[in-house]
Amino acid sequence: MVLPQSHRGNFPRVNPLQKFRAACFSIEGMNSFATILYFNYLYFLMRAKFGFSDQQNLLLAALLGFIYALAAWQAGKLAHRLGYFNTLKLGYSLMIFGLLVGAQMNSAVGEILAAGVVNVGMCLTWPTLEALVSEAELPAEVPRVLGIYNIVWATTYALAFFTGGKLIEIFGFKATFYLPVCVMVLQFALTLWLQRHVAKMKIAADKISAAPIPPPDPHRPSPAKAKSFLRMAWLANPFAYIAINTLLAVLPGVAAKFHLSTSLAGFVCSLWCFARLAAFVVLWRWTNWHYRFRWLALAFALLIISFAVILIAPSLAVILLAQLFFGGAVGLIYYSSLFYSMDGGDAKSEHGGIHEAVIGLGNCVGPAVGALSLEFLPQVQNSGAIAVSILLLGGFGGLFAIWKTAK
Numbered sequence: 030m031v032l033p034q035s036h037r038g039n040f041p042r043v044n045p046l047q048k049f050r051a052a053c054f055s056i057e058g059m060n061s062f063a064t065i066l067y068f069n070y071l072y073f074l075m076r077a078k079f080g081f082s083d084q085q086n087l088l089l090a091a092l093l094g095f096i097y098a099l100a101a102w103q104a105g106k107l108a109h110r111l112g113y114f115n116t117l118k119l120g121y122s123l124m125i126f127g128l129l130v131g132a133q134m135n136s137a138v139g140e141i142l143a144a145g146v147v148n149v150g151m152c153l154t155w156p157t158l159e160a161l162v163s164e165a166e167l168p169a170e171v172p173r174v175l176g177i178y179n180i181v182w183a184t185t186y187a188l189a190f191f192t193g194g195k196l197i198e199i200f201g202f203k204a205t206f207y208l209p210v211c212v213m214v215l216q217f218a219l220t221l222w223l224q225r226h227v228a229k230m231k232i233a234a235d236k237i238s239a240a241p242i243p244p245p246d247p248h249r250p251s252p253a254k255a256k257s258f259l260r261m262a263w264l265a266n267p268f269a270y271i272a273i274n275t276l277l278a279v280l281p282g283v284a285a286k287f288h289l290s291t292s293l294a295g296f297v298c299s300l301w302c303f304a305r306l307a308a309f310v311v312l313w314r315w316t317n318w319h320y321r322f323r324w325l326a327l328a329f330a331l332l333i334i335s336f337a338v339i340l341i342a343p344s345l346a347v348i349l350l351a352q353l354f355f356g357g358a359v360g361l362i363y364y365s366s367l368f369y370s371m372d373g374g375d376a377k378s379e380h381g382g383i384h385e386a387v388i389g390l391g392n393c394v395g396p397a398v399g400a401l402s403l404e405f406l407p408q409v410q411n412s413g414a415i416a417v418s419i420l421l422l423g424g425f426g427g428l429f430a431i432w433k434t435a436k
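Here the sequence shown stands for residues 30 to 436, numbered as in this note's numbering.
These are computed hints drawn from the structure, not numbers from a lab.
Note that the structure is predicted; figures quoted are calculated from it, not measured.
Treat the hints with caution; some may be incorrect.
[Unchecked claim] Calculated cross-link-like contacts (lysine-lysine; reagent style DSS-like; alpha-carbon spacing at most 25 Å):
| hint | residue 1 | residue 2 |
| --- | --- | --- |
| 1 | Lys203 | Lys78 |
| 2 | Lys254 | Lys436 |
| 3 | Lys106 | Lys256 |
| 4 | Lys256 | Lys436 |
| 5 | Lys106 | Lys118 |
Please model the entire structure based on the sequences and the hints provided.
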């Protein structure tokens with residue numbers, strides 16, 4: 030229906046920059062759902078199909094973390110040179126190829142090689158998406174945009190983890206391959222559309238938002254303080270992922286201990302994801318944690334305690350309670366790393382690459398330590414959890430060392 034001319038002006042025009050952000054957030058949400066559905070249930074697949082033990086799953090997690098650390102570090106630089114959209118399309122292509130190959134594999138080695146290809150492809154997407162959503166933002170807008178970014182990926186992460194077990198029970202493990210492929214095809218199409226329209230969007234957005242740039246915020250920290258917090262966050266975040274990836278690798282064993290089905294394990298073991306999402310919402314709206322050491326230190330302490338409780342506690346109720354604290358802790362630590370990375374410089378894709386690379390470092394070191402402790406201390410009950418907890422305590426000491434030096 031065509032509106033009369035007199036009524037056409039009653040509807041506000043949509044800022045093209047808002048359309049651009051909405052498309053980026055849509056791609057980000059789909060990317061999170063697809064990659065988490067595959068990688069978080071890969072360990073369940075390896076246990077069910079190839080009889081992998083906790084130790085073997087930990088070694089697999091360490092290998093994937095090592096690949097991620099190297100690839101993400103280079104991916105941030107590549108996105109800066111190759112261009113964001115070309116990097117994203119290359120990443121989708123690698124992931125789709127790896128998933129389609131992995132769906133046909135009947136050997137553990139083949140499955141691991143396919144997972145490595147998907148992993149490299151994923152590394153090309155996250156630093157690029159982080160830079161895309163924050164590249165043109167004024168410093169005052171960065172916290173708001175990153176808050177939305179975190180909420181979007183954490184929501185679809187939690188949904189993928191929560192529903193993945195049920196999807197596997199209904200459709201089998203093939204769902205963890207073919208459903209992500211379908212989602213990535215949609216991402217590819219949306220990225221092509223966005224690439225074609227981005228020039229026009231940016232020109233229109235420049236005209237709409239042509240307002241005087243506000244003066245510098247007098248409350249912003251000094252460059253030295255900002256740099257010290259960036260260093261602390263880049264230290265804390267890999268330790269958070271040491272805990273996360275160690276936890277993910279042994280969750281099939283935790284589920285077996287309590288005789289949980291795959292779907293029930295997905296429901297129970299995803300509680301920390303929803304707690305992290307809630308933390309992201311709170312931290313987005315409440316910004317007094319910015320450049321406050323006590324909040325980062327408190328989160329690190331809660332991370333260590335809750336991690337040990339989840340892996341050692343004999344009661345499912347205690348594990349559920351500990352997941353609430355674990356999710357809140359990793360939420361603040363991750364948010365700190367991303368915020369200080371994007372708030373502290375112009376080379377955002379490179380900073381995003383470093384942010385993702387330290388995640389990969391944590392993904393590698395934690396499971397590796399857990400696997401080695403199970404190899405050399407098999408007679409010690411919960412040796413893996415104890416060894417990783419000691420490693421986390423070392424990181425906690427490093428955090429205070431950086432803070433003391435900065436002061």
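Hints, verified against the model:
| no. | hint | in the structure |
| --- | --- | --- |
| 1 | Lys203 x Lys78 | holds, 12 Å |
| 2 | Lys254 x Lys436 | holds, 9 Å |
| 3 | Lys106 x Lys256 | holds, 20 Å |
| 4 | Lys256 x Lys436 | holds, 12 Å |
| 5 | Lys106 x Lys118 | holds, 16 Å |
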